[in-house]
Amino acid sequence: GESVGLHLPTLSVQEGDNSIINCAYSNSASDYFIWYKQESGKGPQFIIDIRSNMDKRQGQRVTVLLNKTVKHLSLQIAATQPGDSAVYFCAEKEGPGAGNMLTFGGGTRLMVKP
Amino acid sequence: EAQVTQNPRYLITVTGKKLTVTCSQNMNHEYMSWYRQDPGLGLRQIYYSMNVEVTDKGDVPEGYKVSRKEKRNFPLILESPSPNQTSLYFCASKAGSTDTQYFGPGTRLTVL
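Top to bottom, those sequences are chains A and B.
Under our numbering, read the first sequence as residues 1 to 114, first letter to last.
Under our numbering, read the second sequence as residues 1001 to 1112, first letter to last.
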């Protein structure tokens, strides 16, 4: 498969444990945030998103938390499974009028130990 | 199946030899975009298109061209590739009214 990155921060968790992946953003004008999962050899896959008028959003086994005060975004994965092993990217979009460009973070590699 | 496709998936070429990477989506999306992904630099946007015949530069447009003659296709053109364009390229698309972009499988380009 394709190598996504050679110098990514890595989070190693035991299967069944909960995972928390963190992301700091810098643009206080960003109004939309999104998490992507990228497995080896594949393109980024949408996981969950959140708008700036919310501070929490839940999906199936995943929760995104947004703290606008400290410009921090986190992705929580419950009961982590081996299939969750991948690189996770956060991305932000600046508010209305700034176009549709997503700015991506550098990514975090999640490794799930059986 | 709704998807974004890219061709070729892998390409090795030499400096200066023009190449085109195709991108096609079957979701009738207005917005399409090209990114490159490099170790330590994450995903960076090259060009994007809001609709047919409308294209704009992203963060790293130098050395690339695009065209959007049809809604479903958004080819990336490298007129004179150089080794610093060796990278993993992703095409993405989204509906104009939404923010969620959907990505293709990627094209690994090596320029010797």
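Hints in this document: simulated from the structure, not taken from any laboratory.
The beta carbon of each residue, even a glycine, is placed where N, CA and C say it ideally should be.
It cannot be assumed that every hint is accurate.
Unchecked claim - With beta-carbon atoms standing in for the labels, derived distance ranges:
| id | chain 1 | residue 1 | chain 2 | residue 2 | range |
| --- | --- | --- | --- | --- | --- |
| 1 | B | 1061 | A | 26 | 18 to 26 Å |
| 2 | A | 60 | B | 1027 | 41 to 49 Å |
| 3 | A | 58 | B | 1020 | 40 to 48 Å |
| 4 | A | 24 | B | 1014 | 38 to 46 Å |
| 5 | B | 1056 | A | 29 | 32 to 40 Å |
| 6 | A | 83 | B | 1112 | 33 to 41 Å |
| 7 | B | 1020 | A | 76 | 20 to 28 Å |
| 8 | B | 1070 | A | 71 | 38 to 46 Å |
Hint by hint, here is what the structure shows:
1. 1061(B) to 26(A): 18 to 26 Å: Cβ of residue 1061(B) to Cβ of residue 26(A): about 22 Å, so the range 18 to 26 Å holds.
2. 60(A) to 1027(B): 41 to 49 Å: 22 Å, violated
3. 58(A) to 1020(B): 40 to 48 Å: At 42 Å between Cβs, range holds.
4. 24(A) to 1014(B): 38 to 46 Å: The hint (38 to 46 Å, Cβ to Cβ) holds, given that residue 24(A) and residue 1014(B) are roughly 41 Å apart.
5. 1056(B) to 29(A): 32 to 40 Å: Roughly 19 Å apart at Cβ, these two residues miss the hinted range, so it is violated.
6. 83(A) to 1112(B): 33 to 41 Å: Check passed, 36 Å falls within 33 to 41 Å.
7. 1020(B) to 76(A): 20 to 28 Å: 42 Å, violated
8. 1070(B) to 71(A): 38 to 46 Å: 40 Å, holds
Hint compliance for this structure: hints 2, 5, 7 are broken, all remaining hints hold.
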